[in-house]
Amino acid sequence: MSISSVKTGAVGVSLLAGNTAYDPGGTFLIQRVTPSAGATSVTFSSIPQNYKHLQIRALTRNAASFSTVDQIRFQINGSTSSIYDNHRLYGTGSAVTADALINFASAYAFFGTVGDTALANTYGAAIIDIHDYNSTTKNKTIRAFSGTDLNGSGTVNMNSSLWRDTSAITSLTFYVTGITSSDAMKAGTTFALYGMVG
Amino acid sequence: MTSTEQVIASTTLSSAASTITFSSIPNTYTDLRLVFVGTVDAGGAGSGLRLRLNNDTTTLYSLTEVYGDGASAASTRVTSSSFSYLSNAAGLSTTLPRMATVDIFSYAGSTNKTYLSTFEADNNGTGGAIERMVHLYRSTNAINRIDIYPANPNFAAGTTATLYGIL
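The listed protein sequences derive, respectively, from chains A and B.
To convert, note that position 21 of the first sequence is 21 in our numbering; the numbers rise steadily by one, no gaps.
To convert, note that position 110 of the second sequence is 110 in our numbering; the numbers rise steadily by one, no gaps.
The hints are simulated quantities; they were obtained by calculation from the structure and are not laboratory data.
For glycine and all other residues, C-beta sits at the position ideal for the given N, C-alpha and C.
Incorrect hints may appear among the rest.
Examples of chain B residues lying across from chain A (beta carbon under 7 Å, computed) [to be verified]:
id, residue
1, Ile-8
2, Leu-63
3, Val-66
4, Ala-73
Anything over 10 Å on all C-beta distances counts as not near chain A; from chain B, calculated [said to hold, decoys possible]:
id, residue
5, Thr-12
6, Thr-30
7, Gly-48
8, Asn-144
9, Arg-145
10, Thr-162
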C-alpha cells in the first residue's frame, strides 16, 4: 500500500504491518576482522548466502622483517587444490609487467601488503570483488585492485582470478606472505567483508 | 538495516568552479570513497586532476601508477609532492567527461593514509588513458577535508563529485 504526503504530494511506501516488506538494497558489512598479534591468517566463515556479490577491503602489513611490498593470498572454502588461475598487471614505478599464474593453490591480491622494516606506520591496501559468489552453476571470477606506495618504492596491481569450482562460496581465508611461508600480520591489519544486495 | 555505504555529501556544479571541497568530514566511518565525473572549461583543457587532503600543501604525497594510453602500457612514480595526482597520463576535457574514483582506507586512523584511485579518459582516438594508482599521504592525522581540482581552472558546470562513507 502506498501513502502520499498531504503537504508535498510525494508518494512513499507504507511500512505498516501487512504491507510488502521494504528492502533498501545497498552494501552491508558482514564482518570485520582485526587479527591478533602473531596471527598468520584471517578467515571469514559461514558467509551468509543472501547477498548477490561480496567485497573485501583490506589494509595490511606483515610483521616479518623485510622492506618491500608483498602479496596477499586467499583460498576459498578451504580449498587447497590447484584450481586457481591468476592474471596480473602491475607497475613498479619504472616497469609494467603482465603475467599469469595458472593452476595455483590460491588466488592473489598482489602487493597489497608490506614488510615491517618498510616505512613506518604504512600499510598496503586491497579491494577484492567477488561477483555472484553464491552461484552453484558458475566458476567464480575474482577481481582485485591493490597496492602499496612507500614514497620512492612500491607497486600497484590489478589481478583477476578464477576459482574453477561451481560451489557457493561459504568461507574465505586470507594470508600475507613474504620471506617465510607463514608470516604473521602486523597489528593494525584489518580485513572487512561486505555483502552487496543485487 | 542501513546500508554500510552512505552518502556524506554530493556536489553538482551549477557554474564553473576552481575546486570542489568536502569539509568537516565526520570521523564515524572506516573508509571514504570519492566518485568524480566532470569536464573543464576552456582554461582547463588538458589539465590534470588533483586532490589535496586536509588542505595540506606540504610535500607529503606520493604515488605509484600503471596506465595504458591505447598504444602502450607504462608505470610511473611521483614522490614528495605537495598534492596528489589523480591523473598523470591523460588530462581533463572540455567536452568528454572523465571519471575518477578514490578509495581512502582508515581515513580517521592514526597511520599514514594509503588510498587507491582510478581514472578513465577516452577520446575516441588518441589522448585518452586508463590509469590505476596507489597513493600515500605521509600523515597520521585523521582526514577531515578533501579538495579536488583541475591543474588549471576551472571545472565546468555539471561536474559532479560525491563523497561516500563506508562503515
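*List in ascending order the numbers of the hints, as given earlier, that are violated by the structure.*
Going through the list in order, the structure violates hints 1, 6 and respects the others.
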